[in-house]
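This is what each chain is made of:
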Amino acid sequence: MATQNTKTLARLMMAPSVLLLLVWMIVPLAMTLWFSFQNYNLLDPSSDGFAGFFNYEFFYTDPAFFQSIWNTLVIVGGVLLITVVGGIAIGLLLDQPIFGQGIVRILVISPFFVMPPVAALIWKNLIMHPGYGVFADIANLLGLQPVDWFAQYPLFSIVIIVAWQWLPFATLILLTALQSLDSEQKEAAEMDGANFFNRFIYLVLPHLARSITVVILIQTIFLLGVYAEILVTTNGGPGYASTNIAFLIYRTALLGYDVGGASAGGIIAVILANIVAIFLMRAVGKNLDR
Amino acid sequence: MARSVTTGRKITATIVAWVVALIIFFPILYTIITSLKTEPEAIAGFNLIPSGTFENYINVQTQSDYLKPFMNSVILSVGSTILALIIAIPGAWAMAFSPTKRTKDVLMWMLSTKMMPAVAVLVPIYLLFRDFGLLDSRIGLTVMLTLINLPIVVWMLYTYFREIPGEILEASRMDGAGLWQEIVYVLTPMAVPGIASTLLLNIILAWNESFWSIRLTTTNAAPLTAFIASFSSPQGLFWAKLSAASTMAIAPILILGWFSQKQLVRGLTFGAVK
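For the record, the sequence lines run as chains P and Z.
Take the first sequence: its position 64, counting from 1, is numbered 64 in the numbering used here, and each next residue is one higher.
Take the second sequence: its position 248, counting from 1, is numbered 248 in the numbering used here, and each next residue is one higher.
Hint data in this document are derived by calculation from the structure and do not stem from the laboratory.
Certain hints may be false.
Claimed, not checked - With a cut-off of at most 20 Å between alpha-carbon atoms, the simulated SDA-like pairs for lysine to any residue come out as follows:
(1) LYS104(Z) x LEU20(P)
(2) LYS114(Z) x GLY256(P)
(3) LYS104(Z) x GLY140(Z)
(4) LYS262(Z) x LEU178(P)
(5) LYS7(P) x GLU170(Z)
(6) LYS101(Z) x LYS186(P)
(7) LYS7(P) x TRP93(Z)
(8) LYS68(Z) x PHE259(Z)
(9) LYS114(Z) x SER137(Z)
(10) LYS114(Z) x ASP148(P)
(11) LYS7(P) x LEU19(P)
(12) LYS10(Z) x GLN179(P)
(13) LYS186(P) x LEU205(P)
(14) LYS7(P) x PRO99(Z)
(15) LYS114(Z) x LEU199(Z)
(16) LYS104(Z) x MET13(P)
(17) LYS7(P) x THR103(Z)
(18) LYS7(P) x GLY140(Z)
(19) LYS114(Z) x LYS186(P)
(20) LYS68(Z) x LYS114(Z)
(21) LYS262(Z) x LYS7(P)
(22) LYS186(P) x LEU93(P)
(23) LYS104(Z) x ALA15(P)
(24) LYS7(P) x LEU67(Z)
Unchecked claim - To be clear about the criterion: a stretch of chain P counts as covered by chain Z if any three or more of its residues have a C-beta under 8 Å from a C-beta of chain Z, and this derived list gives those stretches:
(25) 67 to 79
(26) 91 to 99
(27) 110 to 117
(28) 162 to 170
(29) 197 to 208
(30) 219 to 226
All values reported here derive from a predicted model rather than from experimental measurement.
Think of the CB as a built atom: it goes at the ideal place given N, C-alpha and C, for glycine as much as any other residue.
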């Protein structure tokens, strides 16, 4: 009897969160799905009715579509590579005894708290500007021709900015994992004559494996949706050179007023994200069992 | 001998670590320095010593009414976080203290809602907001921010609440504590640190959220993310002013962030790394 009461109470307590998230998940997604099969243009009221797979076909045959998929992969892959490798290196460095460790940590994690538009504008203007940026100053000092980063290497520039924002996250998590490594094990390996390289391959890396997986999966979720950094730096250009899926959908929807086409793109984005999500859920779910 | 080797190693590690840290921090440092320069100084080439003017900070306020987006950011981030906490605390509490077989599934499902890409629902949300007159309203954006952070709030609270030992409740019951006393004297003090951590991290996340806050606002409800993004073209070369606005936009959250390193790891990995 008492347990029945507790159960009812528990359900009541969970109801608000569950119901809100249920509505949040189902209603907009159902609308996107519905729109994706409709002819619906905000500027052209005459176009309406069932469109079949036309919107998908339209999105799929748009040359910008494959470029934006490729760009999305480059951003996700490039940033992951830089942040994971860099994060392990800096994590190992900060795991050493050093003077002023607290301050060093604070300096290293700071970029994570910089809002994306600010990060992008700092890099665009103060650092990478071809005329007055710090990189241009360095190039001039060395007698080189300054690089116009956002015109010549737009995608690479965006990868750099986003990697700068996420490097602290990877570092912090990998450092936390490193610090939980049993120091006795490390000492034992050292006593057995294992050099740094061997210790890293056989002891540290296996210990980090789970954290690296978590870093990769969580960053991927956020990196698939990189938006503000593109908006304030290249605006997706030149051409579609730095347009990712998220930006292409925004462009189709709010600049092209094509609700149907953008919705089809949205459904494609959901499918891509789901592939990643399945892996993440497994990794996090395993931890729950422990 | 061994001692001198360790000291030598410590000094080397210290130098390398400081160089790396300063390179990573440099863009922020240079923004702060540039904010103290005059406009001609800001584009006059590399220079780490500003003339030390506070003119830019005054200009940002007088020319662009900086206080308005700043207050919007405060209201939106704090408001949406408190709202999310009010909704999430009972739920997380129930899941932590009377878990059923399906609790884990519910938690995983909540996490999965976080994985829906924002752009996928941009169109319907935009149209709904337009039809309900919520575009550029603080209420509309507060609701959005609450919804997108709700899964993280529930998860964080759950991982904290789960660590409160159930035996303590039994002990207090044996000592004759009523439900009310149990909540006020036993549970609340133990839950407060977890709730505070959750509050902190989610204010940071809401403050920096840059998709919905840019797309769903124009002027009235625009927080700092949207305000700064609007600097991207028309302000052109007013870098000192841009730097001053940027410094003020990131300073509060940077300081909060420094205090929340641990919570960050835990909150953003959904308890998978502690």
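(message) Need the list of violated hint numbers for this structure, in ascending order.
(response) 2, 3, 6, 8, 9, 10, 18, 19, 20, 21, 24, 25 and 29
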